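Visitor: Take a look at the letters that make up each chain.
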Amino acid sequence: SQQGEEDPQALSIQEGENATMNCSYKTSINNLQWYRQNSGRGLVHLILIRSNEREKHSGRLRVTLDTSKKSSSLLITASRAADTASYFCATDAQRNTPLVFGKGTRLSVIA
Amino acid sequence: EAQVTQNPRYLITVTGKKLTVTCSQNMNHEYMSWYRQDPGLGLRQIYYSMNVEVTDKGDVPEGYKVSRKEKRNFPLILESPSPNQTSLYFCASSRQGVEFFGPGTRLTVL
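Protein chains in written order, with my numbering: chain A, 1 to 111; chain B, 112 to 221.
Hints in this document: simulated from the structure, not taken from any laboratory. Here the structure is a predicted model, which means the values were calculated and not measured. Each hint should be verified, as a subset may be incorrect.
As the list claims (entries may be wrong) - Here are some chain B residues pointing at chain A (derived, C-beta under 8 Å):
no., residue
1, Ala113
2, Ser144
3, Gly153
4, Leu154
5, Met161
6, Pro172
7, Glu190
8, Pro194
9, Ser198
10, Leu199
11, Phe201
12, Phe212
13, Gly213
Every residue gets a Cβ at the ideal spot worked out from N, C-alpha and C, and that includes glycine.
Chain A with its partners taken away, still in its complex shape (with noise of 0.2 Å):
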């Protein structure tokens, strides 16, 4: 039951350069959350946004979630060489429901 689908698949960009990456999904949620990973590694939480929550930022990190385009984007600012790994959404229908992730950006920033 794959729900989110993240958008491009990969991306190759420039240090410096902010990378955008675009997640769709298709059924009501509860929370949509962004992880990262680097190769064979397990995943890493970097943020959480509730379904009532337009816009949130951490450090370099910009998210936003449209519910009524049910799609939320990732912005890098200012990428370096070791934000190079994959990204994934992940949403939940309601509380205490399993995850579902997509099947992840591949970002490489190039220095």
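Keeping the supplied structure of chain A fixed, place chain B upon it in accordance with the hints.
Guide: Leaving out everything else, chain B in the frame of chain A:
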């Protein structure tokens, strides 16, 4: 240090040989889950557990078993592994909906 640990990290085995991947968390989380990650298919949930002695199937439970006899441990059991279970496996525990992932177990079934 708050963490989720998995063992083994790497395993090569043969078809039909029963194996167990252990998972342990030290954060006193009630919710734990197992995922598998495959190229092109993303992360898919195998089983989850909302508390001790409470487990439920995720999206891809066939061929797997789990148990939750105590809060900190959530082992994944493959009674008769097959090559289509070759994958990268992650255990996770959750607090307030946020998942904390283990480092992963790369399993190859020959």
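Visitor: Give a verdict on every hint.
Guide: Hints and how they fare:
no.: 1; hint: Ala113; result: violated, 12 Å
no.: 2; hint: Ser144; result: holds, 7 Å
no.: 3; hint: Gly153; result: holds, 4 Å
no.: 4; hint: Leu154; result: holds, 4 Å
no.: 5; hint: Met161; result: holds, 7 Å
no.: 6; hint: Pro172; result: violated, 12 Å
no.: 7; hint: Glu190; result: violated, 23 Å
no.: 8; hint: Pro194; result: violated, 20 Å
no.: 9; hint: Ser198; result: violated, 12 Å
no.: 10; hint: Leu199; result: holds, 7 Å
no.: 11; hint: Phe201; result: holds, 6 Å
no.: 12; hint: Phe212; result: holds, 3 Å
no.: 13; hint: Gly213; result: holds, 6 Å
Violated hints for the displayed structure, listed by number in ascending order: 1, 6, 7, 8 and 9.
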